[in-house]
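> As a plain string of letters, each chain reads:
Number of protein chains: 2
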Amino acid sequence: MKYRVSIIGAGNLAWHLAPTLDNAGFGVAEVYSRSVKKAKSLVERLYQAESKKNLDFSNSNSDVFIIAVNDDAIEEVAQEIVLPAEDSILVHTSGSRSMGILSYAAVENIGIFYPLQTFNKEAKVQFDEIPICVEASTAYAEGILAEIGNSLSKKVVSIDSDQRRALHVAAVFANNFVNHCLRISYDIMKSEKLDGELIRPLVEETIRKAFQIGPERAQTGPAKRHDYETLDEHLDYLKENDELAEVYRIFSQYIVDCYPLED
Amino acid sequence: MKYRVSIIGAGNLAWHLAPTLDNAGFGVAEVYSRSVKKAKSLVERLYQAESKKNLDFSNSNSDVFIIAVNDDAIEEVAQEIVLPAEDSILVHTSGSRSMGILSYAAVENIGIFYPLQTFNKEAKVQFDEIPICVEASTAYAEGILAEIGNSLSKKVVSIDSDQRRALHVAAVFANNFVNHCLRISYDIMKSEKLDGELIRPLVEETIRKAFQIGPERAQTGPAKRHDYETLDEHLDYLKENDELAEVYRIFSQYIVDCYPLED
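Here the protein sequences come in this chain order: A and B. All residue numbers for the first sequence refer to this note's numbering, where the first residue is 207 and numbers rise by one. All residue numbers for the second sequence refer to this note's numbering, where the first residue is 207 and numbers rise by one.
Honestly, the hints are just simulated from the structure, not real lab data.
Treat identical chains as interchangeable: a pair holds within one or across any two.
Result set (PhoX-like, lysine-lysine): computed pairs, CA atoms no more than 20 Å apart in a straight line: (1) K327 - K430; (2) K258 - K244; (3) K399 - K361; (4) K396 - K361.
With these hints in hand, go ahead and build the complete structure from the sequences.
Dropping the structure here:
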């Protein structure tokens, strides 16, 4: 069955998710955003949606309501939203917020529809490659979320709240920390008048290799081989930035401890 | 001119570099390795090389001698090697060791030929995409190293020792630390019975975006937005591994400090 969907939010995720739902036959009927302008921009990308100016959906024909706003705003939306039917399904898309946060809306069918990806408006997104993590309060809601997910992506995973919490921590390491390592790398190169692009083949090979043989086996470098001479040289190089030197020291020590030398 | 080359070492880098030199017309004449077996395996990949059992190259016809051994073994090789001519060129391939380490060999033309990549024998390598960093004690040697480099790669960069030192620190962040972030991510997912592959699209997009708009602008996540509630939840999740929790805390704090909130 092709369920009808309404979207709350017109940010980076909604920007890609709404047209993808449309194209998969789950017609997006309404878009709400605190910014009417943003809602209208998104509506222009859709077949038959209209922009809504408030969270009163009591006359809506939609079956599923997807909250795709900043984590901090989810609770407020759940408190304000008015849903049309007892069996309306209300979900949010956050990796870090609990499902219980949606209880304010006083409907039975609540859940999570969490695409494990980082979004920005400029970059094209191939949605079918993005894992979608699904969680729900009822089998009815879970079935529908899985059905929608499977129409958008090749990889839909049913997870519970503990797993989602772990996944969010894992995603911080894999996205936020990896990106900041790249920034540090860039900044060091810039300070020596070197082009940041120089490091790109190394980074791409790092990722390829990590997923090919697993990151545990893929590890190399001075910390892994307990080469304290090189570690000290690097700390000496970083000494003018105390905080960065401390990051280097703590992180290297953790690698050292994860790879005890064999006798 | 097509210089003749001898290679000292038969490890991961030599394994890819030697055939690449051969194919570019810089015939590899000799391969030395402490492991005769390894030297012979590499010789089998080459057109007309022979394996050598010692470091006495006094009868060699080669022009350039490339030391591609572990960082820790370079000095010993430089002490032992006997070169055929006053204008023989001796280089090593390390990102972290000084050029001066080669002075033991008592030749005027010493240098560095440092391909900025991680190598392992199994994975195919597209050498022409790998930046090669070149440094030399004389203009004569630098000219020849640049000529060889340009025959192997689209990107040859002339750098000095300070830049190379910085580049090596940058590479530790971009390779070793990035890889270890992925291992942490994997381990967290494994502990919750989640497949590590789940995170792959996110990591690939992270890298793509970082190089597209620059990692400084690409940063997202709880630390960047000073979301201490989420940071505390993550620290709570990690609390059974003190050392990892400390890595998370220090690294997050560094992101917080790199991105002061705008008023």
